[in-house]
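S.K.: One letter stands for each residue in the lines below.
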Amino acid sequence: MKARTDVLVDVQGLVKVQGRLPVLRGLDLQLGRGTFVALLGPNGSGKSTLLRLLAGLARPDAGSIRIGGWQLPHELAAVRPHIGYVGHETLLYAHLDARENLRFCARLHALDEPEPRIRDLLRRVGLEHRAQEPVRHFSRGMQQRLAIARALLIDPALLLLDEPFDGLDSEGTEMLLHLLRSGRERSILMATHRHGLAEGLADRALFLRQGLVAGELSLADHAPGALAKRQAELTEAP
Amino acid sequence: MSQAIEVCALPAERQPRLLRLLNILTVLALPLGLYVALVHAGTDASQGDVQRLFYLHMPSFFGAALAFGGALLASIAYLVKRETCYDSFAVAGVEVGLTLALVNLVSGSIWARPIWNTWWTWDPRLTSAAVMCLTYAAWLVLRNGIDNPQQRRRLASVYAILAYVTVILTLIIIRIRPDTIHPAVIGPSAVNAQGSFELAATPGVTTALLVNFPIWALLLPLTLLWHRYRLQLRIEALEQRKALVLNAPLRAAKGSD
Amino acid sequence: MLRDPLRAALSIAGKDLRAELRSRELLGLMALFALLAILVFSFALELDRPGRKDAVSGVLWVTLLFASILGHNRSVALEREHGGFDALLLAPVARGAIFAGKLLANALFTLIIALLLLPLLTVLYNLPAFPPALLLIVPPGCLGLAAIGTLLAAMTVQTRARDSLLPVLLLPVALPLLVTALRASNAALGNLPETELQTWLLLLLLVDLIYLAAGFLLYESVLEA
Numbered sequence: 001m002k003a004r005t006d007v008l009v010d011v012q013g014l015v016k017v018q019g020r021l022p023v024l025r026g027l028d029l030q031l032g033r034g035t036f037v038a039l040l041g042p043n044g045s046g047k048s049t050l051l052r053l054l055a056g057l058a059r060p061d062a063g064s065i066r067i068g069g070w071q072l073p074h075e076l077a078a079v080r081p082h083i084g085y086v087g088h089e090t091l092l093y094a095h096l097d098a099r100e101n102l103r104f105c106a107r108l109h110a111l112d113e114p115e116p117r118i119r120d121l122l123r124r125v126g127l128e129h130r131a132q133e134p135v136r137h138f139s140r141g142m143q144q145r146l147a148i149a150r151a152l153l154i155d156p157a158l159l160l161l162d163e164p165f166d167g168l169d170s171e172g173t174e175m176l177l178h179l180l181r182s183g184r185e186r187s188i189l190m191a192t193h194r195h196g197l198a199e200g201l202a203d204r205a206l207f208l209r210q211g212l213v214a215g216e217l218s219l220a221d222h223a224p225g226a227l228a229k230r231q232a233e234l235t236e237a238p
Numbered sequence: 001m002s003q004a005i006e007v008c009a010l011p012a013e014r015q016p017r018l019l020r021l022l023n024i025l026t027v028l029a030l031p032l033g034l035y036v037a038l039v040h041a042g043t044d045a046s047q048g049d050v051q052r053l054f055y056l057h058m059p060s061f062f063g064a065a066l067a068f069g070g071a072l073l074a075s076i077a078y079l080v081k082r083e084t085c086y087d088s089f090a091v092a093g094v095e096v097g098l099t100l101a102l103v104n105l106v107s108g109s110i111w112a113r114p115i116w117n118t119w120w121t122w123d124p125r126l127t128s129a130a131v132m133c134l135t136y137a138a139w140l141v142l143r144n145g146i147d148n149p150q151q152r153r154r155l156a157s158v159y160a161i162l163a164y165v166t167v168i169l170t171l172i173i174i175r176i177r178p179d180t181i182h183p184a185v186i187g188p189s190a191v192n193a194q195g196s197f198e199l200a201a202t203p204g205v206t207t208a209l210l211v212n213f214p215i216w217a218l219l220l221p222l223t224l225l226w227h228r229y230r231l232q233l234r235i236e237a238l239e240q241r242k243a244l245v246l247n248a249p250l251r252a253a254k255g256s257d
Numbered sequence: 001m002l003r004d005p006l007r008a009a010l011s012i013a014g015k016d017l018r019a020e021l022r023s024r025e026l027l028g029l030m031a032l033f034a035l036l037a038i039l040v041f042s043f044a045l046e047l048d049r050p051g052r053k054d055a056v057s058g059v060l061w062v063t064l065l066f067a068s069i070l071g072h073n074r075s076v077a078l079e080r081e082h083g084g085f086d087a088l089l090l091a092p093v094a095r096g097a098i099f100a101g102k103l104l105a106n107a108l109f110t111l112i113i114a115l116l117l118l119p120l121l122t123v124l125y126n127l128p129a130f131p132p133a134l135l136l137i138v139p140p141g142c143l144g145l146a147a148i149g150t151l152l153a154a155m156t157v158q159t160r161a162r163d164s165l166l167p168v169l170l171l172p173v174a175l176p177l178l179v180t181a182l183r184a185s186n187a188a189l190g191n192l193p194e195t196e197l198q199t200w201l202l203l204l205l206l207v208d209l210i211y212l213a214a215g216f217l218l219y220e221s222v223l224e225a
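So the sequence lines, in the order shown, correspond to chains A, B and C.
Quick note: the first sequence uses our numbering, first residue 1, plus one each step.
Quick note: the second sequence uses our numbering, first residue 1, plus one each step.
Quick note: the third sequence uses our numbering, first residue 1, plus one each step.
The hints are simulated quantities; they were obtained by calculation from the structure and are not laboratory data.
Hints are supplied without guarantee of correctness; some may be wrong.
[Said to hold, decoys possible] Every beta carbon over 12 Å from chain B, so not counted as near; a handful from chain C, in silico:
(1) Leu104
(2) Gly215
(3) Val222
[Claimed, not checked] Anything over 12 Å on all C-beta distances counts as not near chain A; from chain B, calculated:
(4) Pro11
(5) Leu30
(6) Gly42
(7) Gly69
(8) Ser107
(9) Thr118
(10) Ala138
(11) Pro149
(12) Arg177
(13) Gly204
(14) Thr207
(15) Leu218
(16) Glu236
(17) Ala243
(18) Leu244
(19) Leu246
[As the list claims (entries may be wrong)] One-sided excerpt, in silico: chain A residues whose CB lies under 10 Å from chain C:
(20) Gly13
(21) Leu57
(22) Gly87
(23) Asn101
(24) Arg107
(25) Leu108
None of these values were measured; they are calculated from a predicted model.
We put the beta carbon where it would ideally sit given N, CA and C, even for glycine.
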């Protein structure tokens, strides 16, 4: 990426109006390189909207987003190859099989020699034996695994995860935890409501409320349960 | 961030001086134009009194083209700048344009009854004018079919740009389709044209056209556009306020639990 | 750092073709509809022999138009099924390439239906011979239908009424294409003077050009979330 600073994502005064009401109301956020930040907050606090804006899937109404020194949305084209995104929907094609879905993604990103990487990722998400089955035969959990593989395929510098554990069974959860813990050089922003999992993974937690960052907590030296406590404090505050 | 929520400023309560001037001009000019068209101009020798509809018919098409053109420019501006007021202007443009296009169609149809011996014929010019109206009617349907205001504005802008193709087509079709029976007013008519007349043949025809053209093609559309635009700005502001007020108790409850 | 747009467009078209090869959902639907439409037309019009010859190009293009509407609706529905447009939007490819890719696949589907219809119409409408000049008109006609349909279907899929709105938006805007393709076909079938063929074919290409330009310019605004 362009400028080598420690900050990968720099968001200032971000406003996004959905319908007629603001979902994000002047949000500020910094995300350092190689850090893992968990986004917490009630439904409607703007977590998903923030992630979609960072992924370039929506355009901001005001404020600035810089990713790796590039300004969004004007320089989106330069940023896109470096962003992996897992959203509410799996972004898969039901009639294609697992391998074809990954291949299609690789082709869109013009990856060189994607086959070994596709094979490796299918193995790591536990789908190597069902690689040639159309995705429409997959369960929700298996589709979610493939969606995660899809996001990791391009080896993104910034990984945006929107409730990635949804639909995963315990085995799938373990697998995703393992995937997220390895390869810590990338920056990850993960929206989740699973405090326990966030505590085990993230360096820092941000609490969103009504489209603003209501508080944050460093998770490096905190006892288990600190997250829930802090969240409770924040929701009780007027 | 307040400016992002306050999508567009409410227009001033009092109408701007220029608009008030336009109001007065339009109210005075419309009857004057009608007087010149219906009484002052000489009766056409071959077509009789029905020819007087022409003073309304042709200028109102240009008025419609002007209003649709305003909608086109506003739509392009909306896609570039994403400010609600451009979309509001596009709404005004399409509605005023559609009204004038209907005046054009209906007056033409009444004229055609004695001259062409039919209310309607599938002539290229007539067809393309009807298609133009239908396209803008479809624009209204599209707008109604989208709940999210930003999405509505964006997609409506795209369609308004496409729709202008039908306006251009209607304008040029009598030049590219020689088989039309619709007479051309400026320049030579097609060989098949029925019901053409010479501007200079009857006294007062040119004057009546010169008086009525600016009224129906310029003055009336501009005044209507401005009023409709101000109304749309108010509607947007009202919807915005409604959303904020309806949402306020919800927010308060969320904050306290 | 935009990747080669042509390659991206071909990948997208290839993806649609592969999915179609698997499911045969779209082509099956379109083909069956086209057959039924021909049948309905032949009953509705109750034509004698010369009448059939006059009507056949109208039947061809109206059937194709409606079959392509059906196809476009199904195609965007498949794309949207698991948030597919987002998958395309996330990719570092020019937005025009996404349009080109979808357009290519849709044009091919429409063309296949057209090539299926031509011999069928020759037999069922009892034409003396199949005029090869039609093969000059059908591909640009299908391309135009696909261009305007791809753009508008991406739009209507975002509305409340979804598929039902596409014909309302498409028919008025597609009329220039329908008229030029119809006249050209009529000239090819000998219903109009020979010289008309060239004029109408050129006009058809011009209409294609306008649709394509509109598509490439406006598709980005249509897709943006």
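S.K.: Determine for every hint whether it applies to the structure shown.
M.R.: Do the hints match the structure? See the list:
Here Leu104(C) stays apart from chain B, with its beta-carbon at least about 21 Å from theirs, past the 12 Å limit. The beta carbon of Gly215(C) is not kept farther than 12 Å from every beta carbon of chain B, the shortest such distance being approximately 10 Å. For Val222(C), the condition that its CB be more than 12 Å from all CB atoms of chain B is violated, with the nearest at approximately 6 Å. Distance check for Pro11(B) against chain A: the nearest CB is about 19 Å away, which clears 12 Å, and the non-interface claim stands.
Its beta-carbon lying about 38 Å from the closest one in chain A, Leu30(B) satisfies the requirement of being farther than 12 Å from that chain. Every Cβ of chain A is farther than 12 Å from the Cβ of Gly42(B); the closest lies at roughly 57 Å, confirming the non-interface assignment. Look at Gly69(B): its CB is around 27 Å from the nearest CB on chain A, clear of 12 Å, so calling it non-interface holds up. Every CB of chain A lies more than 12 Å from the CB of Ser107(B), the least distance being 41 Å, so the non-interface label holds.
Its beta-carbon lying about 49 Å from the closest one in chain A, Thr118(B) satisfies the requirement of being farther than 12 Å from that chain. The claim that Ala138(B) is not at the interface with chain A holds, since no C-beta of that chain comes within 12 Å of its own (minimum 24 Å). Not every beta carbon of chain A lies more than 12 Å from that of Pro149(B), the smallest distance being close to 6 Å; the non-interface claim is violated. Consistency note on Arg177(B): stated as away from chain A, and its beta-carbon is indeed over 12 Å from all of that chain's, at 43 Å minimum.
Listed as outside the interface, Gly204(B) is consistent with that label: its C-beta sits roughly 55 Å from the nearest C-beta of chain A, beyond the 12 Å cut-off. Here Thr207(B) stays apart from chain A, with its beta-carbon at least about 52 Å from theirs, past the 12 Å limit. Non-interface status of Leu218(B) relative to chain A is upheld: no Cβ of that chain comes within 12 Å, the nearest being about 35 Å off. Listed as outside the interface, Glu236(B) is inconsistent with that label: its C-beta sits roughly 9 Å from the nearest C-beta of chain A, within the 12 Å cut-off.
The Cβ of Ala243(B) does not lie farther than 12 Å from every Cβ of chain A; its closest approach is about 4 Å, which violates its non-interface assignment. With a closest Cβ-Cβ approach of about 7 Å to chain A, Leu244(B) is found to fall inside the 12 Å limit, against its non-interface label. Not every Cβ of chain A is farther than 12 Å from the Cβ of Leu246(B); the closest lies at roughly 9 Å, contradicting the non-interface assignment. At about 21 Å, the closest approach between the beta carbon of Gly13(A) and any beta carbon in chain C exceeds 10 Å, and the interface hint on this residue is violated.
Because the beta carbon of Leu57(A) sits about 5 Å from the nearest beta carbon in chain C, less than 10 Å, this interface hint is met. Checking Gly87(A) against chain C: minimum C-beta separation of about 7 Å stays under 10 Å; hint holds. Checking Asn101(A) against chain C: minimum C-beta separation of about 9 Å stays under 10 Å; hint holds. Hint status for Arg107(A): holds, given a least beta-carbon distance of 4 Å to chain C, under 10 Å.
Annotation: Leu108(A) was flagged as interfacial toward chain C, and the flag holds, the nearest CB pair being 4 Å apart, inside 10 Å.
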